[in-house]
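Visitor: Kindly generate the complete structure, drawing on both the sequences and the hints.
Protein chains in written order, with numbering that gives the first Met the number 0: chain A, 0 to 397; chain B, 0 to 201.
Heads up, some of the hints might be wrong.
Once the Cα atoms are required to be at most 30 Å apart in a straight line, the calculated DSS-like pairs of lysine-lysine come out as [what the hints assert, rightly or not]:
{"#": "1", "chain 1": "A", "residue 1": "K38", "chain 2": "B", "residue 2": "K180"}
{"#": "2", "chain 1": "B", "residue 1": "K132", "chain 2": "A", "residue 2": "K38"}
{"#": "3", "chain 1": "A", "residue 1": "K144", "chain 2": "B", "residue 2": "K191"}
Rather than coming from a laboratory, the hints here were simulated on the basis of the structure.
Note that this is a predicted model, so its numbers are computed, not measured.
The lines below spell out each chain.
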Amino acid sequence: MKLVGIVGSNAEVSYNRILLKYIKKHFSHLFDLEILEIKDIPLFNQSDDQTNSAPVQKLSQKILQADGVIIATPEHNHTIPASLKSVLEWLSFKIHPLENKPVMIVGASYYDQGSSRAQLHLRQILDAPGVNAIVLPGNEFLLGKVKEAFDEQENLKEKRTVDFLGSCLEKFVQFITLVSAVEGPKKPVLEPEDLYATGKIATTIEGVDKEADDWLEQAAALVDAVEGNTYVKLDRGLLTVDQLNYFLASMPMELTYADSNNQFLYYNHTKPASEMLAARVPGQVGNPLSKCHPEKVHKGVEWVLQQLRSGTMDAFRVNVPTHGPDKYVVHNYQALHDKAGNYMGVNEYILDFKPIVDWYLAQTGQKLIGDVDAVSSATVKDYHGDDVDAGTSASVKA
Amino acid sequence: MNKLIGLVGTNSDHSTNRKLLQYIQKHFADKAEIEILEIKDLPIFDKPANMQVPDSAKALAAKIEAADGVIISTPEYDHAVPASLMSALSWLSYGIYPFVDKPVMITGASYGVLGSSRAQAHLRQILDAPELKARIMPSSEFLLSHSLQAFDADNNLKNPDQVQELEGLFEDFLSFINIMKLLSHTHAAHVKAAENFSWENN
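Guide: Right under this line is the structure:
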C-alpha cells in the first residue's frame, strides 16, 4: 500500500515532520509512506491562479497516485497553520485530488492539547464540498508535550503511545480497503500530450516548417543564432559555441533535447545514423515528436511524456535488447526543469551500460553471478522496449 | 468620533466582503471614521525562527493598535477562514499583539446561501487564541448570503431588512467599544500573558 504523508507546516523545525518520519520508519510493514513538504506552495489567491505551477501539480499528482493520505498538523492560533489551509485551497479550487481519498489526521504539539482544535478544524475543512476527502472517523492521534515524546533517535519513547498509534494506523489501512471497495479506484487523469507540437512556448521559432530538412538553417537565420567562436555565458561558465559542441560531442552517450512543446531541437551529432544506438539524421532536427516516432508507438511516447511533465516520474528508463548480448543499451528519458521547477522538456540520453559494468567488475575484481538484472536494474517491469525503428528512439508500451 | 479599521479578509481582487466594508464605511460615515485595510500584500506566514515580522504586517499592526475597534469581513473557503486571513492573523500575533483586548466585530459575505457562517465561527475561535485575545462582540453575526446579488449599481445594500440589521449591529458595536474601554484593568495582564505565551515548537 502506498501512502503519502503531508507535513502540515512550512516552518523549518517541525515536530509533525518528525512524527511522520517516525511513522514511515516504524510502520513500514503496514505501508510505504512518502513524506511531502508544503513549503514551496504559494499562498492561495483566487485572483492569481497557480494551479498549474510545478509545486501544486507535483503535490496533486502524488496524492492522486497514493492509496491514502496522512496529514500531520500543528496548531497555530487555535487552528491549522495558514500554510496548510492554503494548500487545501489550491487542492479544492480548480483541481480536486483529495476527492474520495482516504485521509487520516495526526498532530503533535508542545502543549497537552496536542493540536485538538486544529484537528477538528481540519476535519471540517476536509469535509467541504470542494475538498471532499473521506476522513477516518475517531482514532484521533494527538501527541501532546511533543518535546518530551521522542528520544535522541527520534523514536517515540512511550510504548503505550506507539501501540495506540499502531492501532490507529492499522485501522486506517483497513479503512482504505473499505473505502476503495465503495468508491472504486480513481486513476489520475493526465493531460493528453500534443505530440504534433502544434502549441507554442516562449522559445518556439515560428515561420519555419518544422518538418523541413533544413529547419535548423532556416530557424537559425531567423533568430540570428550565434555560432563558431562566439561566446555564450552559461551557469556556471563561459564557452564558445564551438567549445560547447566539442563538450557535448564528447559525452559518452547519445543526447537528445525535446522542448516542453514536444519539438525535437537537438542531438549530439557525432556519428552517421547507421552507427548510432538509436538512429537520428540531421534533417530530423526541428521535427515534432510525432514525426520522430511511428504512429503505433505514439501512445507509449505520450505516456512517458505525461509522467515526466506531471512530475510523477523524474526519469524513465528502458532497456532496448535488440543490440545483442555484448551491449546493454538503456534509453533514459530525463525531465528538464527550470530553476522554479517548471517542466522544460526532456533529455533522452541513450547509453550502453555494459562497458561501465565491465569496467566496474574489472576494477573491483567482482563477478556477476546469476541474475544479470540484479546488477543493471535498468529494466522496468511491465514496460519493455519495442523494436527500434530507423530514425526513432525506443518506444514504450503503456 | 471612534476610529475603526475595516479589515478585508481575503487577498482576492474581487471580493464582496471588500464591497460590504466599503458600504459600511460610507453608510456610517457620520458615526465613525473607518479606514479599510488590505491583507493582500502580506507574505505567507512561515514562522521564521528569528521572529522577524515583515514591515507590511508591522504597518498593519500599528494601525490596528491605534484604532478603537476592528471590523473583519471574511469569506468562507472550504468551511473555514481563507488561508490569506489566517496567515495575516498569524503575523499579527507573532511577537506583536495589536489585537489583545481590541473590540472586534465580524461580518461575512458569501455567494451562496450560508453567508460564511462556519468561517465566522472559525474566526471567533482563532481571535480567542492566547496571542490574539481580541474582545469579540458576543451574540452578533452579520451573514450576507447571495452577496453577488446583494448590492445595487451604486454599491448600496438592496435589502432594507439587511440595512436595518446592520445599523443595529453597528450601534451595538459602538456601545461595545465604549463598554470595553471601561474594562481596562486587565489589559496589562493580557498583554503580558500574550508575550509570555511561548510558541509551540511544532
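Visitor: Could you run down the list of hints and mark each one as holding or not?
Guide: Comparing the hints with the structure gives:
1. K38/A x K180/B: violated, 41 Å
2. K132/B x K38/A: Status holds; Cα separation ~28 Å.
3. K144/A x K191/B: holds, 23 Å
In summary, the one numbered hint that this structure violates is 1.
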